[in-house]
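Student: Protein chains in written order, with the working numbering: chain X, 1 to 599; chain H, 1 to 74.
Take these hints with a grain of salt, some might be off.
Unchecked claim - Below, computed lysine to aspartate or glutamate pairings styled on EDC-like, alpha-carbon distance capped at 20 Å:
#  : chain 1 : residue 1 : chain 2 : residue 2
1  : H       : Lys13     : X       : Asp270
2  : X       : Lys180    : X       : Glu236
3  : X       : Lys523    : X       : Glu555
4  : X       : Lys563    : H       : Glu42
5  : X       : Lys463    : H       : Glu42
6  : X       : Lys463    : H       : Glu56
7  : X       : Lys550    : X       : Asp574
8  : H       : Lys13     : H       : Glu40
9  : X       : Lys463    : H       : Glu62
10 : H       : Lys13     : H       : Glu42
11 : H       : Lys17     : H       : Glu62
12 : X       : Lys563    : H       : Asp63
13 : X       : Lys463    : H       : Asp41
14 : H       : Lys13     : X       : Asp24
15 : X       : Lys523    : X       : Glu591
16 : X       : Lys29     : X       : Asp325
17 : X       : Lys7      : X       : Glu17
18 : H       : Lys17     : X       : Glu585
19 : X       : Lys29     : X       : Asp574
20 : H       : Lys17     : X       : Glu279
21 : H       : Lys17     : X       : Glu17
22 : X       : Lys7      : X       : Asp126
23 : X       : Lys592    : X       : Glu571
24 : H       : Lys17     : X       : Glu268
25 : X       : Lys214    : X       : Glu579
26 : X       : Lys30     : X       : Asp574
27 : H       : Lys13     : X       : Glu236
28 : X       : Lys463    : H       : Asp63
What the hints assert, rightly or not - Sample of chain X residues with no beta-carbon within 12 Å of chain H, all distances over it, derived:
#  : residue
29 : Ser20
30 : Asp147
31 : Ile293
32 : Glu365
33 : Val411
34 : Ile453
35 : Phe535
36 : Gly560
37 : Arg568
As the list claims (entries may be wrong) - Not close to chain H: a few residues of chain X, all C-beta gaps over 10 Å, as computed:
#  : residue
38 : Pro55
39 : Arg225
40 : Asn231
None of these hints come from the bench; they were simulated from the model. Glycine included, C-beta positions come from ideal geometry on N, C-alpha and C.
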Amino acid sequence: MGGYCGKVLRVDLSKGEVASEPLDMELAKKFIGGRGLATAYLRREIDPQVDALSPENKLILATGPLTGSSAPAAGRYMAVTKSPLTGTVASSNAGGKWGPQLKFAGYDMVIFEGKSPSPCYVAIRDGEAEILPAEAYWGKRVWEKTDALVEEFGDKRASVLTIGRAGEALSPIAAIMNDKFRAAGRSGVGAVMGSKNLAAVVVAGTGRVEPEDKEATTELVKELRTRLRENAVTGEGLPTYGTAVLVNIINELGIYPTRNFQETQFVEADKASGEALAEKYLTGRDVCWGCPIACGRYSRADDVEGGGPEYETIWAYSADCGVSDLASVIKANAWCNEYGLDTISAGATIACAMELYQRGLVTKEQLGDGPPLEWGSGEAIVEWTRRMGTGEGFGAELALGSYRLAEKYGVPELSMSVKKQELPAYDPRGLQGHGLQYATSNRGGCHVRGYLIAPEVLGVPEKLDPHALEGKAGWAKLFQDLTASIDSLGLCLFTSFALTADDYAGLYSAIAAPGCTAEALLKTGDRIWNAERLFNLAAGVGPEQDTLPKRLLEEPVADGPSKGRVHRLPELLDEYYRERGWDAEGAPTKEKLAELDLV
Amino acid sequence: MRVTVRLFASLRKGRTKSAVLDLADGAALRAVLQRLEIPEDEVSLRLVNGQFAEFEQVLASEDVVSLFPAIGGG
């Protein structure tokens, strides 16, 4: 079968052993690769009720059959495990070059199990892997560690995947970082790595990803690359301004969550927008392996230079904290990268803390010599992100994430999260479909399980009324299923601004699975979604958590274009369960499981 | 009547970020593009007072018009 290496690297960190085993191709046919296949392996190999930070949890780093192939934007891998943040399945996705290098080294995925007795890292090259000591790297910043590990590995092509101090300290909002600035950011996957005393995974290879049908692949890839280049979003908008181009449209629509979702418009949004970033701070572009879109940014503010910031990061540190100084956002983002923190959760947690401070629940005395957590304070977002990374003083409380922080002060409802994971940069009170998607996402608060911003705001593939309820349950299911497939193939989700389910089926068919159709691909996405749901139900995360923060359901927006609106989840959820073939309790019916050949 | 126009992303190139225009009563959104010499095919997303609008929408005094090219992100 083309596309796949056909091999899994299994690393037993407790015993200090590495072993190669064949990829389960029967399972791969049902779950593709990446997110889907790793979830299937995880379900088979762990009890969903294990403590996420115990040696019994496993961490799977998985590519898809298209990762590292000639398909456009095929540079992705997924980190799949049980999340210490949400208690659900975690599947965090990142670009860069780590995924392709793993394929070139001969493996589709790596499964880490157990716990190393002391800090270690794993070096993989061309079918060989070894566990090496990493005491010297523990506690080091991501950038410095990455350079040092490439040097020690002795091959400049090597890609380094690592964690920062946040992951080492088991923060449930710690990210896995690769290639310095790329992050498998969400759901605390970095803490799982930290819990295993696994400091890094360095990989390089000289192999190639061979497609099943070379001729068909070449022809289709050429056509799709042209389409991506000619598309206004993937060919111009994203390459020119990066993801931050969204700031102004989302703000103008009155769906830009401000001051911990107390408001939905930020009057100073344009000062911290994609346009402002391009005008004043941009130093270059960051391109993931094999990507014709090149949305990544490099930016510089004073003496701080690095990758990003992305749209979500800008929102979390800017509007959500009431900060208009983009230089401070860039610096806070840099601390997240250096200490390995998820920028959405980190920024949104500071926003939550600012509301606790506003209400007098957190006092100045508690903050010691740190800056007051006042709305709009650039100094506060930078310094408290640094202390979140190092765990100094109140920074250690912030590193718990917003839910555990707000719960500690008796007000969990002030955490703007779903399943304890912080919501991203779109207020669902003005986006009924996207809000439904937030509530039902299998990894908690998340925008990339089914990006309904595309139809509800951007008009892709067609324009939907963001306030209407009709048909939204079906759209949510469709987007969730398609996204699950794209994530499992190893492609970047941004390709979906220009490509269709037929295109993805065509690529999968030419490279790995001859005869695949769009219908079959979507059914596979449905199967993956249900497998994730089964994991969550078995882990004890049930339908009671398919909800939104009280504020978004009960507090009408006070002003602006979304004035008077709340999210109408109760009117949508039953229909969504029916669309999914689930019972009233949100569990897949026997018929549905039989249809999907799922147990 | 006076309307405020805000331009974003590539629509700002060689133009302005925002402008206040005097338009004839009953003018439609399309008149804003004509006044600023913006080709219609460059404008993908159009808002009037934060609500989606078509080129034909008739404007009122003090309206705020926001214009965007095709954009995406996430």
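Student: Quick one, are lysine 13 of chain H and glutamate 40 of chain H close enough, alpha carbons at most 20 Å?
Tutor: holds, 15 Å
Student: Checking a non-interface call: every C-beta of chain H should be farther than 12 Å from the C-beta of glutamate 365 of chain X. Is that right?
Tutor: Holds, because the least Cβ-Cβ distance between glutamate 365 of chain X and chain H comes to about 40 Å, which exceeds 12 Å.
Student: Holds or violated: are the alpha carbons of lysine 463 of chain X and glutamate 42 of chain H at most 20 Å from each other?
Tutor: Satisfied, since the Cα-Cα distance of roughly 17 Å is no more than 20 Å.
Student: Confirm or reject the statement that glycine 560 of chain X sits farther than 12 Å, beta carbon to beta carbon, from all of chain H.
Tutor: The claim is violated: glycine 560 of chain X sits with its nearest Cβ about 6 Å from chain H, within 12 Å.
Student: Measuring Cβ to Cβ, find out whether aspartate 147 of chain X lies farther than 12 Å from everything in chain H.
Tutor: holds, 30 Å
Student: With a cut-off of 20 Å on the C-alpha distance, tell me whether lysine 463 of chain X and glutamate 62 of chain H pass.
Tutor: Not satisfied, since the Cα-Cα distance of roughly 27 Å exceeds 20 Å.
Student: For a C-alpha distance cap of 20 Å, please report whether lysine 30 of chain X and aspartate 574 of chain X respect it.
Tutor: Given that 20 Å is the threshold and the Cα spacing comes to 28 Å, the pair is violated.
Student: Is the Cα-Cα distance between lysine 592 of chain X and glutamate 571 of chain X 20 Å or less?
Tutor: violated, 23 Å
Student: What's the verdict on lysine 463 of chain X and aspartate 63 of chain H, does the C-alpha distance respect the 20 Å limit or exceed it?
Tutor: violated, 23 Å
Student: Taking only the CA atoms, is the gap from lysine 523 of chain X to glutamate 591 of chain X under or equal to 20 Å?
Tutor: holds, 14 Å
Student: Could you check that no beta carbon of chain H comes within 10 Å of the beta carbon of proline 55 of chain X?
Tutor: holds, 35 Å
Student: Say whether it holds or is violated: arginine 568 of chain X keeps its Cβ farther than 12 Å from all Cβ of chain H.
Tutor: Given that every Cβ of chain H is farther than 12 Å from that of arginine 568 of chain X, nearest at about 18 Å, it holds.
Violated hints, in rising order: 2, 3, 4, 9, 14, 16, 18, 19, 21, 23, 25, 26, 28, 31, 34, 36 and 40; the structure is consistent with all others.
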